[in-house]
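Asks: Residue strings, one per chain:
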Amino acid sequence: MFTKKVLGFSSLIVILIAGIFIVSCQNDTSTGEKKTENNVDVSTAEQNGNLSASAEQIATDRNLSPKDVEAALKTYIPSGKYDEYIMFSSGGHSGQVFVIGVPSMRLLKVIAAFTPEPWQGFGYGSEESARLLKDGDMESGKKLRWADTHHPALTETDGDYDGQYLFINDKANARVAVIDLRDFETKQMIKTPNIISDHGSTFVTPNSEYVIQASQYATPLPFEEYATMDEYQEKFRGVMALHKFDREKGRIVEEGSFQIELPPYWQDLCDAGKKVSEGWIFCNSINTELATGGIEQGKPPFEAGVSQRDMDYMHVIDLKKAAEVAKQPGKTNEISGVKVIPLETAISEGLLYFIPEPKSPHGVDVAPGGEYLVVSGKLDTHATIYSFEKIQKAIKDKNYEGNDVYGVPILSYNDVVAAQLEIGLGPLHTQFDNEGNAYTSVFIESTLAKWKLGPPYNTGEEAWTLTEKIPVQYNIGHTVCAEGDTVSPDGKYCVALNKWSIDRFTPVGPLLPQNFQLIDVSGDKMQVLYDMPIGIGEPHYVQMIKADKLKPFSVYPEVGYNPGTMSVDPDAAKAGQEKIVRSDGKVEVWMTAIRSHFNPEHISVNEGDEVVLHITNVERARDATHGFAIEGYNVNLSLEPGEANTVKFKADQPGVFPFYCSEFCSALHLEMMGYLLVEPENK
Amino acid sequence: MRIVNTLLITVLILGFTNIAFGAQNEETAKSWQEQATSTREAVMNVYGELEKMGDKDNPMAKELITDAVAQLGEGDKYLKQGDEAMAAQEWEKANFGYNMAWQYYVKAATAGLNAKSILAGQ
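Protein sequences appear in the order of chains W and L.
Take the position in the first sequence, starting the count at 1, then add 360; the result is the number in this note's numbering.
To convert, note that position 36 of the second sequence is 18 in this note's numbering; the numbers rise steadily by one, no gaps.
Any given hint could turn out to be false.
Under the rule of at most 27 Å between Cα atoms (straight-line distance), these lysine-lysine pairs were calculated in the DSSO-like manner [stated by the list, open to error]:
(1) Lys75/L - Lys659/W
(2) Lys934/W - Lys946/W
(3) Lys859/W - Lys62/L
(4) Lys859/W - Lys44/L
(5) Lys829/W - Lys89/L
(6) Lys89/L - Lys859/W
(7) Lys62/L - Lys659/W
According to the in silico footprint, chain L covers these stretches of chain W (three or more CB under 8 Å from chain L) [to be verified]:
(8) 656 to 668
(9) 832 to 842
(10) 859 to 869
Since the hints were derived computationally from the structure, they do not count as laboratory data.
For clarity, every value in this text was computed on a predicted model and none was experimentally measured.
Backbone N, C-alpha and C define an ideal beta-carbon position, used for all residues, glycine too.
Let's have the full structure, built from the sequences with the hints guiding it.
Replies: Quick look at the structure:
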């Protein structure tokens, strides 16, 4: 029975205070304060003062155990101090990306990625967001206004996060968005041709040359083709899309992008090789049974059909060779305007190999040095570790145990496995630290398992050993550790991304939040520090970057900046040059916004006119954002300092419509308004 | 409870090592049967542990236990279906029945372990 230990506080608090005091004194400067560039907290004891006697009383009154107090001290960030790490979390059904500070676990921002979001003026009248959303619509023109974001991927340089861009996928519709981390805004949205769902996305190569996106649920190729379920083996296919990223442009570009046709297994998570394995891609797959479901017809449901076999196939793809083949005439088919390497070409050119991997795998994670690939089968109990060196030898020696039904060579399992480690019930995803440890999430038994990698990270009896498990609440999916999927992980913190919260938070109805649990992994024993409810969507994967790698704008560099082009907009309104220009059936307005007025304030148009508003926030002060909302017209913009944006709409409702600043910008914020006067057509 | 976890792990490994690569025959049906029945046994051990702990009048633990019992019941239905198919030498159907039973038993174990976790923290 767990009992809160309220007694014994004095000694703990003394130790903790002493620790803080010593650290503080070590950091002391002549000004009595040490701050890093990012204002990371390194305060002095003098500033904090000694902990008052009432602190112990507070802990006692709140029934906090010494461990609770320790956890609180490890996560608390005083006002005005910044977090050491930033997490970028997929937003699940919200279609967005969450930005969260670590260790405070404070939600800093929700980035509008795929779904209209009014606070950021995304999808509520701005021309730029309208263009982005349209780019993300189906080729047929059907609008897509929600997304299921799963796996964010920060750009990397030499395998390390560089903090420049972030990619995020939409599993529901097979889309990819590109977010610029100078202003944390989405710059590009792509509806990937030929596929309609993805899960193995987004992942980047070590220098972000390619963004990897693997389809999940197989369909005919392209998905717009019709086929019956009886034609599954013959006509359904999987696809791996390799999106070429032009870092200078900050965009995925058509030139150099291509796809590879794959068997209709459900390609799952992927990872790019790094260091010694750079140039290769590894992807899990499930449903190598080619199950087609049909429970209503008395056939096995997918959950049974897809888990019949002991082994599925890890896909091993030679990316460098694939990129060369994609350039060669006659080696690709053009499908939906995209170069696609046919499956038979991928086989004959030696681009694609399979390796048996234990039952229904749900994670392939490359070790920091690239030597090992860790796979966990969610219906198996092990982490299976493959050796890249052995894989290369098996390929070179053509040491195959056979071919799958499509002719893809299968490397012999025993030839390429480096180790297999019993982890527990339902292992899923693995991250790494800076001391040769791996951390695997274990879904069924709700734990995070810590284990030691083999050589060169650990040798002798220590290698490949399970060292610790910590319970988490409950049913952990992914886990993330500080820079834990890069070539140089930091350790320090991991977060359990728990799918169920059950009893962790105050009940808020039948739909419960997910639970992000921050875990301190810096000591001998792991310690859960904090529970963060996520009540916006169901996040999947997260990446955690050192905060000082991010260099965001505080304000846009120049007045009139267009976030879409990241340059001054030639149509931007300038202070002192505001105007209204009328032509036949069109009213074009150049408007500025500054605390606390718009200029102009009166806009008179005729019913049926096309109205174009170019609005510039001419402020240069940090955080002096203005909104622009027109009542009754479904318009709301967010204009950050320096930003220019354009709104177009048809004045199709006669009447008088106030417009106002929807951000509380000043004491006279309420007065920052104007009128759109729409004169009826038949007056 | 550590013993129960170990038993569950053993059961899952049993399935992993004995089931052939996608075949549908008597051998695979027997493997699935063994995996399903052994997993059921492990689940019952979880319940044994929970019974010893008592639900401590914790409503959330009670809910989880109710869910686990429901999952167990569903599993039992499929186990019976597998047994009947086995007797009729319908291997594919038997495979399916035992596979589904096993799926439900894993869910029952998940709920049971969560209930245990809540009770242990109470």
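Asks: Let me make sure I understand: some of the numbered hints might not hold for this structure. Which ones are they, in numerical order?
Replies: 3
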